[in-house]
Amino acid sequence: MTPDRSSIERCVDAAVTRTRNEPGPLLEILHSVQNQLGCVPAESVPLIADALNLSRAEVHGVVRFYHHFREQPAGQHTIKLCRAEACQAMNGEALAEFARERLQLDFGETRADGKVTLEAVYCLGNCACAPSAMIDGQLHGRVDPQTIAECAAGWGVPE
Amino acid sequence: MSARATVTAPTTIMVPGDAGAVSLGAEAVARELARECHRRELPHRIVRNGSRGLYWLEPLIEVVTDAGRIAYGPVRAADIPSLLDKGLLDAGLREGGQHALRLGDIEGHEWLRGQQRLTAARIGIVDPTDIDDYIAHGGYVGLSTAATMPAGDIVRAVTESGLRGRGGAAFPTGIKWQTVHDQTAAQKYIACNADEGDSGTFSDRMLMEGDPFALIEGMTIAGLAVGATQGFIYLRVEYPHAARALALALRVARERGYLGRNLRDSGRDFDITVRLGAGAYICGEETSMLESLEGRRGEVRVRPPLPAIKGLFGQPTVVNNVVTLATVPLILARGAAFYRDFGVGKSRGTIPLQLAGNVKRGGLVERAFGMTVNELVYDYGGGSATGRPVRAVQIGGPLGAYLPASQFDTPLEYEALAARDGLLGHGGVVVFDDSVDMARMARYALEFCAIESCGKCTPCRVGSTRGVELVDRILASSNGSRTGDIELLDELCDTMANGSLCGLGGLTPFPVRSALKHFRDDFLG
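Chains as they are written, first to last, in the numbering used here: chain A, 9 to 167; chain B, 926 to 1450.
Calculated from the structure, these hints are not laboratory results. Glycine included, C-beta positions come from ideal geometry on N, C-alpha and C.
Counterexamples of contact, computed for chain B against chain A with all Cβ distances above 12 Å:
#	residue
1	H969
2	V972
3	A1110
4	N1187
5	F1263
6	V1269
7	G1270
8	N1423
9	F1444
10	L1449
Pair by pair, the computed Cβ-Cβ distance ranges are:
#	chain 1	residue 1	chain 2	residue 2	range
11	B	F1263	A	D114	48 to 56 Å
12	A	P54	B	R1169	32 to 40 Å
13	A	Q44	B	V1066	38 to 46 Å
14	A	E167	B	G993	45 to 53 Å
15	B	G1450	A	D114	25 to 33 Å
16	A	P54	B	G1192	46 to 54 Å
17	B	S1406	A	R13	58 to 66 Å
18	B	S1403	A	Q44	50 to 58 Å
19	B	G993	A	A120	55 to 63 Å
20	A	Q80	B	G1152	44 to 52 Å
21	B	E1394	A	P54	36 to 44 Å
22	B	G1270	A	E167	55 to 63 Å
From just these sequences and the hints, can you work out the full model?
Here it is as structure tokens:
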């Protein structure tokens, strides 16, 4: 669900007010907006730009630069699977392939039914317990296809 | 059981709150332990410590007894009833706590016994939320010492210790501090780089989660040394557990007067703010990190000017990694010579190595510089997790070289690795067994560079993509025609290495060229 105009305004207002005395607060504001609204909606960009006396292009450029910021809300559930070397060394590629097939998603996509978003991350700092994934904000180590399959089944993702 | 219930002093049980332990079920263990102890009316106190770094045994819980800390692991929530049945809370008694998961006194464990933990000395031992526990384990001795010294003497101590930047670049810390110290400016900053993005590394995370006051103290000393009153910790967003640990520790330090105005009546001011990154590997590069801290795209700055002269918000700034800063309190407390006496050649002190990937026993090994790859991978690691022969290790993250098994006699120190066209970086060692396809790993190195390039300079932005295409072409073509493209790939690496603005484009050739050099057959099909 894309948030409505008035909640975007309220959210941007609050974030700008809270960081008013901080130098270079743009990332802080974007985090705050995304934490509250689930994404940084396009409508928030001109509001943030106005408040910080930046151009819309500058704000948009920052949103697009960082992998963490999203312009559309994620699905109800999110799997962030680590694709970096330590996880690859523990058969991470086969796990990635399994996740793709089971969720019928490529990395960076959200299912049409809105149930799941699959994302690639590059290192969760859990490399001695590889492969790792962040599933709905919870860190999981030694992830195997069963972990993914149980999540998918629990979330009602059709086989 | 009945005797137990009459004892009033609760037994302390440590259950790691470390993200790695949590990823293996430590939260459920802590919950189940609390629930069962309540049900059985056992007086207990659960402390969420950091991890000792024996990750194959996590969740590893410890019972604090007069006979030492008796460890059990790996513990699942389902093991708690049987552990309590066997008298877990009596683990210190001769007959108590016998259980299949019992590991004995953790300090005597062979993985820890030979380690020389200086920077990681308190991780897993102290309660990371308790400043008094930190102080009881030697914390804030360094700051007390520094507070009595002229700023120049603090800098000199760090210089004389031989400490070099543990983030990867290994620049002498004291020299950087001296430069900032010598600048005249209304405002100077300490910027801690906690954007630990290298695959295979987690020592910053362990330290921030397990001993956050060490980082806070180190930054405060840095502030006194160079005349900075404000610190920033640039923390990657992938580390929510560390973010919580830091927020709590900072609040406690402020409440207790270790941060803020006139800290501990020293007449000096220093405070720290945590800023979250947003999932960009490049922001671990120091100038890119400064751009990001200022709220912009993390595009690399051209040097000079150095950050030490014109850094955060244009002011003189010390940029140091977490491990570097957290090592400073010890240097001030024990003296430069104490630290310098560890290590070899120009690699002084100790290095917290992180053993990861396809390895039986992965985790944190802090030793003086100079241990060989063989010792780390086999003596500590026990070989591959899959049981297959180890074929290669990648040292120093995604920009580090791959070393073949024939070179595992290489000592883990800056100069020895450089002599073998490698680097130590942030000290991560990722193990691969013989099923690894090194041409795919070379392709991945270039692909990663393409994904994470900030786009500022052409060799990195374009070179990485062309490199991926080249590897694809090599692998798709027939055997005979591959050599020309392999030469071209090597030339491309040359351009990236010499023409890139920063280490991302500049060092990506390390994994690519090392794969080409040591595992050429993988490219020839």
